[in-house]
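Colleague: What follows is the residue order along each chain.
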Amino acid sequence: MGIRFILMVNKQGQTRLAQYYEYLTLEERRALEGEIVRKCLARNEQQCSFVEHRNYKIVYRRYASLFFLVGVDNDENELAILEFIHLLVETMDRHFGNVCELDIMFHLEKAHFMLEEMVMNGCIVETSKTNILQPIQLMEKSS
Amino acid sequence: MASTTSSIMDTLFQRTLEDLIKGLRLQLIGESAFISKALDEIRREIKSTDPHTKSNALQKLSYLSSLHHFDMSWAAFHVVEVMSSSRFSHKKIGYHAASLSFSDSTPVLLLITNQLRKDLTCPNNEFEVSLALECLSRIATTDLCRDLTPEIFTLLSSTKIFVRKKAIALVLRVFEKYPDAVKVCFKRLVENLDSTDPHIVSAVVGVFCELTSYDPKSYLPLAPEFYRILVDSKNNWVLIKMLKIFAKLVLLDSRLAKRVVEPVCEHMRRTGAKSLMFECVRTVVSSLSEYEQAVKLAVVKIRELLLDDDPNLKYLGLNALSIVAPKHLWAVLENKEVVIKWLSDEDPNIKRESLRLVMAMVSENNVVEICRVLVNYALKSDPEFCNEILGSILSTCSRNLYEIVNDFDWYVSLLGEMSRILHCQQGDEIENQLIDISMRVRDVRPELVRVGRDLLIDPALLSNHFLYRILSAAAWVSGEYVEFSRNPFELIEALLQPRTNLLPPSIRAIYIQSVFKVLIFCLHSYLLQRESTTSSYPDTSALSELASKREMPEGSNLATFKAPSHSEQDEVFNPRVSNQSSEELFVGNGGDRTMSHGQTSTPVTSENSFTYEAVVNQLNLIELALGPLTGSHDVEILERVRNLLCFIELIKGEILESLVQKEENLNSAETKSSKIIKLMSDAFSEELGPVSVSAQERVPIPEGLVLKENLNDLEMICGDIQLPSSISFSLVSTHYEEGVGASLLDLQIKEELEPPSEATSLLAEHRKRHGLYYLTSEKNDIVANDYPPANDPKLQDNQNNDTEDLVKLTEQLLVSKKRPNQAKPRPVVVKLDGDVVPVSAKRPGPKDDLLSGAVQEVLLGSDTRTSTSRSNLSDKSSSKRKGKEKLITDPSSELNENLGDAEKLDHENPSSRRSKHRTHGKERRHKSPRKIREEREENGQKEKKKSSHHHARHKTRQRAEVPLNVVSETPVIPDFLL
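Residue numbers (the UniProt record's numbering), protein chains in the order written: chain Y, 1 to 143; chain E, 1 to 978.
Note that these hints are calculated values from the structure, not bench results. Here the structure is a predicted model, which means the values were calculated and not measured. Hints are supplied without guarantee of correctness; some may be wrong.
Calculated pairs, DSS-like style, for lysine-lysine (alpha carbon to alpha carbon, straight line, at most 30 Å) [what the hints assert, rightly or not]:
1) E:K160 <-> Y:K141
2) Y:K39 <-> E:K160
3) E:K118 <-> E:K160
Use the sequences and the hints to build the structure in full.
Modeller: Printed below as a string of structure tokens:
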């Protein structure tokens, strides 16, 4: 399993999106998110985007007020994950138009839908923005 | 009726998710109150019969569970209800809730199998299929996987790319949960590798990347397919995954490495994407490190990364460098400056990586310089990183019994220096090393005692509880090797200073025991001195006579030594003097305390150190300082204090008397007390040596001793007693009879020889140590069976010879102030057979033997059981599938055509190659089946050319049910790399 989880957390440390690709209990999730937020949010812009945590590593990137954190296995390619985060943000940008934290808050299900198109079972399965957004657009049209 | 109304009301006035989020943001009544109110609503709404209300409630619940961690397991049944809704938007909410909240132990999982099957086979809505696939990829259990394998198998060849790629990604979980699915699905998965659709290839490669990382061996036969993708693919995501696969595979087969190294380098040179470039670098440094050219290229790229401003690239550069370090240290050395520069980077992660690399560079030639640099960094760093630096210095230097340390004097003083660093929290480790070194390396003991004294004498250190363990080691060393001390009285005072009451009892007990040892030494020396004074009366003792003789050749320097000696003594006593007032406060009746204090403060000249007054003062001091402790509640302290005080009681009378006798009757010095002192001194000078870990095993178990008695009851009684940290030393019997006296005398002589100024005293210690206590190399062998004998007679001889050379040596030393490192042989470090160098950890076995077994079976195509189970399954689903089941036979020929240029390899002896192969594989026993199969190929009955294949490879297809005679074949990995 390459990607273990994807989190979006705002500057205040509130989770805005959490997607896990392995089962964790609520307690484990709460603890994990707390630890990661403490570790990553304290870092500044001049520091690198990779943090080792427990037995995996976290690749994160900050966009405006939102942190995108991806937990990956140790042998995962860090730069590829950074590109993946960027792709995710671009995709959301294309859909919402200048995406911001509120968009993700109020359209969480769409954000999840995009992620589901991109990542399955911890593997990245789709990297084309058009393909990712196609089902959502279809769904919006039909409803 | 009532319920209907309420449900209508609910529907009309139900809060949507959006309302909920808005309410949360407004927080009029506080978050927790708001949420509990919302949860109450949800509990009511979710029971509604209206699907819209129900799904809306579930959506809100999922939101609260996902982001606010509220339990939603109670709603599992409602999730199933919503999943089975006919409207896609509701279904979607249901599936999302299921993948969020279901675990293996969720009971309702049993209810969803049919729903999932229905959705997986839904003919006209690929989005429903995709929903089910996604959900399965998160929640699939063994049962679900088993029951739904046929459906998933069908989807693996779906014409809809959108569905097929998801089915492929799902297969990973299916294999993991239900390895038998491999027999059904694996071939179709492999076929997808040849797909022309990039999405499919990308998904399959992702799956194989994961599979390979668990158990690379099983996928070696697929190397030709992988190789083709590696060469042909233009997709960086795919290439990165491919490189990961090959990083694992080439470790198993060197010929594969030979073939892969060129394309990897090509990608590294050509690509503009940093991620792909870095993956190439990582593959080369981790798996292709024997290929000099490739490594050189990789190091060039690493250097580019290191010099980049982007901290991410910097970090990765360091990371890659630390992978390459063990095999190609030159790569690190080439970038030494950059690496050390990043030691002061503002990112702790980068600093840590850089520290790791610096430690990788350490060798016996540069350990001194590097540690100097690192300690300077430690002084400047924040506490956390400071301790990381110290920790890595300690672990690196102690590796393999201090393998890289040549100059133990330096190392011991470094330990002392590290203890004084403000943030140092490495007390335990430093303690262990101090004691370990003291026992293993004889030659360093004088320096150890000096370092220990410096630590003990500083009252400021007593306030830092991280240092207590170090102080305890210092106290122990000072007591054990007090004969090397230049001023034992000073030690006693240091060990008894008032601030020692800050120490925890266990360590204080060690202090007191050390006082005991030092005192015995003082008294013993005093007695010896007195005896010798009586023998050669006229004023100068034999000792001082000897001493002055020794000093003669340096006569001209004598004057210069004298002057600094005083200043040094002053310095030494400064901390104590400054502390004097507090001491007086502490000792209520400070009267004779000050007296004794004043007297000991006068510099104890080395010549007449053990004067009568000094000894009596010490006795008084000890009684005074320890008196209050006789009421201690700690049993260790109490026992040691009692021992010490009773001993003083025992001898004090006679010592005092001896003053009176001193003038007249010195010959009859054989008093009771001196006998006791001698006895005690003998006891204490017995040397403690390191004990082999396996020593206990060699002790035969006495008859009648029940070792395995169940002592569980004991835990009830002493459950709260903490075991002491294990320090492996114990009393050993040694040949001390050979003359403790003599050695003591010698030592004293040396002590007196010592010119007391700091610089020269250091030199003198070098001189003193030089060759004196060398254990001969053959002795090391003896050590393996026995303990190192202390005060070996041979050694004593050496000692005596060497003392004569001391003068000459000192001269040499004075000429060349600093001895070059190489000139100094490394002192002997006592090794025991128990000190096993930790062997690199066993490689973890394949994560899932079942899975790899299944994969190998399928890839080697030889299991009849497989084919039967397969046909069973295929009966259930479409029958046309049967024909498509193919066995991959002899991919070697494929690669031959594929790669063409492999003729060179053909000249190798094929049998040797195959045998090499067999060592890699698990289940390869036999080499004949290949021939048999080739013959069958020639028959051509079941053979079809796969014409569509653009690489013109041919694969033989065999109907699963046909080759009954294949049963006899044992599986073999085809030699696909020919």
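Colleague: Which hints, by number, does the structure contradict?
Modeller: Per hint list: single violation, 2.
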